[in-house]
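Kindly generate the complete structure, drawing on both the sequences and the hints.
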Amino acid sequence: MGMRKRKKEGGPMPAASAGLLRFFEEETEGIKIRPELLVALAISLIVVSVLAKIFF
Numbered sequence: 032m033g034m035r036k037r038k039k040e041g042g043p044m045p046a047a048s049a050g051l052l053r054f055f056e057e058e059t060e061g062i063k064i065r066p067e068l069l070v071a072l073a074i075s076l077i078v079v080s081v082l083a084k085i086f087f
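Residue numbers 32 to 87, in this note's numbering, belong to the letters of the sequence shown in order.
Please keep in mind that the hints were generated in silico from the structure rather than gathered at the bench.
Heads up, a few of these hints could be off.
Ranges between beta-carbon positions, derived for each pair [claimed, not checked]: (1) E57 x L82: 36 to 44 Å; (2) A83 x T59: 31 to 39 Å; (3) I85 x R65: 28 to 36 Å; (4) E57 x F86: 42 to 50 Å; (5) T59 x F86: 37 to 45 Å; (6) I64 x K84: 25 to 33 Å; (7) E58 x I85: 40 to 48 Å; (8) V78 x E58: 30 to 38 Å.
All C-beta atoms in this analysis are idealised placements derived from N, C-alpha and C, irrespective of residue type, glycine included.
Next up, the structure:
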């Protein structure tokens, strides 16, 4: 069995669009919401708005 190479922690960034595109591995602080929940909330807000316009 051969030894596996460990992935470098601080490797070079990918060169895309002359260095304008960067990938960050760090998590930023803030509210974390699943995309499905966000879409469901947006759709429910639209439905409530339409129903409020119809009935009020």
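**Prompt:** Which hint numbers doesn't this structure obey?
**Reply:** Checked against the structure, no hint fails, so every one of them is satisfied.
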